[in-house]
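K.L.:
If you're matching them up, the sequences are chains W and Z in order. Here the first sequence is numbered in the numbering used here, starting from 22 and rising by one per residue. Here the second sequence is numbered in the numbering used here, starting from 10 and rising by one per residue.
Treat the hints with caution; some may be incorrect.
[Said to hold, decoys possible] Derived lysine-lysine pairs resembling DSBU-like cross-links, with alpha carbons at most 35 Å apart:
| no. | chain 1 | residue 1 | chain 2 | residue 2 |
| --- | --- | --- | --- | --- |
| 1 | Z | Lys277 | W | Lys272 |
| 2 | W | Lys91 | Z | Lys135 |
| 3 | W | Lys284 | Z | Lys215 |
| 4 | Z | Lys215 | Z | Lys135 |
| 5 | W | Lys272 | Z | Lys212 |
| 6 | W | Lys61 | W | Lys272 |
| 7 | Z | Lys219 | W | Lys284 |
| 8 | W | Lys42 | W | Lys55 |
| 9 | W | Lys61 | Z | Lys212 |
| 10 | W | Lys284 | Z | Lys212 |
| 11 | Z | Lys277 | W | Lys42 |
| 12 | Z | Lys277 | Z | Lys219 |
| 13 | Z | Lys277 | Z | Lys85 |
The set of hints was computed from the structure by calculation and includes no laboratory data. Fair warning: this is a prediction, and the values are worked out from it, not measured in the lab.
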Amino acid sequence: MTTTPETSGNGQIILEARDLKKHFPVTKGLLFSKITGWIKAVDGVSFEVRVGETLGLVGESGCGKSTTAKMLLMLEEPTDGSILFEGEDVHLTTQAKRREYRSSVQAVFQDPWSSLNPRMRVRDLIAEPMVINWDMDRGGVMERVQKLLNDVGLNEYHSNLFPHEFSGGQRQRLAIARALALNPKVIVLDEPVSALDVSIRAQIMNLLKDLQNEYNVSYLLIAHDLATVRYMCTWVAVMYLGQIVELAPVKELFENPLHPYTKALMSAALPSHPDTVQDEMILMGEVPSPLNPPPGCYFHPRCPFAMDRCSVDVTEAKEPSPQHWVSCHLY
Amino acid sequence: MVESATIGEIVLEVEDLRTYFRTRFGTVKAVDGVSFNLRKGETLGIVGESGCGKSVTMLSMMRLVPIPPGRIVSGKIVLDGEDLLQLSEGEMTNIRGSKIALIIQDPMTSLNPVFSIGSQVAEAIKLHHDIPHRSVVDQALEVLRKVNIPAAETRMRDYPHQMSGGMRQRVVGAIGISCEPMVLIADEPTTSLDVTIQAQYLKLLKDIQKESDLSLIFITHDFGIVAKMCDRVAVMYAGRIVEMGSVRDIFNHPSHPYTEALLASVPKMEQDVERLYSIEGQPPTLHDLPEGCPFAPRCPHVMDRCRTEYPPQIDQSETHYASCWRLA
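Sequences and hints are given; from them, build the entire structure.
P.N.:
Here is the structure:
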């Protein structure tokens, strides 16, 4: 997508991605390896995250949503494009500013079994980011650890335990407390509930919403489950093969999906009631390899509405209705 | 969703099944008095969270519970007039795969990485049919075509790592149906698949079921799969079935507080929800179950009686019952 949404006026932009790209080289040979191709994991993605709002990135595995998140967390260097934080390009600014960016953008990952160090006590786990980044005395740090534990629904008693003594839901609470430690402005949530039990998911989703209201933090939520996205998000971007195919406010996207891929995703999603009427729109085939994407619109080989020009012309983002962007030749 | 006109006689009957495990923390009652039946051509969903005993129920039906530490303490599993728990290991081997088959969750680990997929499908067929090698291969090919593997002749020679997750799960499905079982148990068959691939796979299972009048048992934690696939549902909590009914009974009139709460805590794609209901606390650990109803500590309608006595099954209609004192 090349254009970016206009500010809707209800919030200022905190984080912006402009035409972000990440291409991974494919090499052949071990010693004298040469590059034989490129995997375009993310290929020109633009979006904005506003203060106190949640942007959802939806898509199937391999669509580039996690690579996008890694770039925002500065764990991957983008091949091209820029990340703007409070209007400033994070790759062109000073070392000190980058450091500040890193502490303002935190992450909560999918698997709370592998994201917490098993050899650290809870209080050390949560204190660690503060000890590294802040010049704070021990008493102050411990006081804040207690406050954070209370914020996520745990108590003082838990601070002395090790991660293995907690259930999955509690561990995810710990990961959230740790992410909140530095008063971040943006938290990247990479599938935060999909590893949890059904009855625990609602607890964590509600907790995340409460914390957002309390601290006015912005979320970038990566998910594959559309129902979760509808519950959590303000804006939704649908990704396919490294590109955003549709971007709209959550209600608009769910009530009036435009891109055929978005429609297919919705009809493939599981119903919430046996009497729910769903359009039968089952996509044939699988996502093509990003190593060798089809010409024209990347979606055309699986698209039921494909026209002649779809296999030739590259799609561009259009805005058929206000604040609703779609990359498709149908519009 | 399923309007099965072909629901016929009972093919599988499970009666008061109890499977316990001995651990150093004491006896874990993983399955504690589970009874249900399954008719021909019907799809039954067994829903519950991790640790509720749904997978151990499935393992007991296949007689695959590791003994020791496990032990099937009591109960009957009658398949086609025969009690599986009375059979010798040799007799059970003949039944596994040919009369009752299993599709497990992870196609990565359920296929052998060093054999081609063709030979893995053929292995299942060879075990149960005394036929020449040529026709085994032909049959394997036919089964692979049935699960819509494109270019099955050439892909037969592929190894599991050469296939995508969706294709691998199809191969696992092919092995499951290769000997035309009466009952197919699918344990979370689509959790590792993408949504559009999941939709393809569920449709395939439905088509196969229609074609061969197969009885399906879906073990899942996802009410979406239940809504899409199942005729009847059993909700499990802490080793017991707490509510059972037709899919519409469960979705329209959930009677057990646990079922009610679970349904209310799932976000919906079709409508905005202001705030999700969330069940406080966590599922109990099975070696240290509270006395009385195991859901009592988390239940919003808890009464004194719930903490001392386990509630009986209370019929709501001919097809629907729940175990809760609130209904008594």
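K.L.:
Under the criterion that the straight-line Cα-Cα distance not exceed 35 Å, is the pair Lys277 (chain Z), Lys42 (chain W) satisfied?
P.N.:
33 Å, holds
K.L.:
Take the C-alpha atoms of Lys277 (chain Z) and Lys85 (chain Z), compute the straight-line distance between them, and say whether it is at most 35 Å.
P.N.:
It is violated: about 39 Å lies between the C-alpha atoms, which goes past 35 Å.
K.L.:
Need the status of pair Lys277 (chain Z), Lys272 (chain W): alpha-carbon distance at most 35 Å?
P.N.:
Between Lys277 (chain Z) and Lys272 (chain W) the Cα gap is close to 13 Å, so the pair holds against 35 Å.
K.L.:
Are Lys284 (chain W) and Lys215 (chain Z) close enough, with their CA atoms no more than 35 Å apart?
P.N.:
22 Å, holds
K.L.:
Are Lys42 (chain W) and Lys55 (chain W) close enough, with their CA atoms no more than 35 Å apart?
P.N.:
22 Å, holds
K.L.:
Does the alpha-carbon distance linking Lys61 (chain W) and Lys212 (chain Z) stay inside the 35 Å limit?
P.N.:
Given pair Lys61 (chain W), Lys212 (chain Z) holds - Cα atoms ~32 Å apart, limit 35 Å.
K.L.:
Is the hinted pair Lys277 (chain Z) and Lys219 (chain Z) satisfied, with a Cα-Cα distance of at most 35 Å?
P.N.:
Roughly 29 Å between the alpha carbons, so the hint for Lys277 (chain Z) and Lys219 (chain Z) holds.
K.L.:
Does Lys272 (chain W) sit within 35 Å of Lys61 (chain W), going by the straight-line distance between their CA atoms?
P.N.:
Given pair Lys61 (chain W), Lys272 (chain W) holds - Cα atoms ~31 Å apart, limit 35 Å.
K.L.:
Holds or violated: are the alpha carbons of Lys272 (chain W) and Lys212 (chain Z) at most 35 Å from each other?
P.N.:
Within the cut-off at roughly 29 Å; holds.
K.L.:
Is the hinted pair Lys215 (chain Z) and Lys135 (chain Z) satisfied, with a Cα-Cα distance of at most 35 Å?
P.N.:
Holds, because 26 Å separates the two Cα atoms, which is no more than 35 Å.
K.L.:
Has the given pair, Lys91 (chain W) with Lys135 (chain Z), been kept, meaning a C-alpha gap of at most 35 Å?
P.N.:
Violated, because 49 Å separates the two Cα atoms, which is more than 35 Å.
K.L.:
CA of Lys219 (chain Z) to CA of Lys284 (chain W), is that 35 Å or under?
P.N.:
27 Å, holds
Hint violations for this structure: numbers 2, 13, all remaining hints satisfied.
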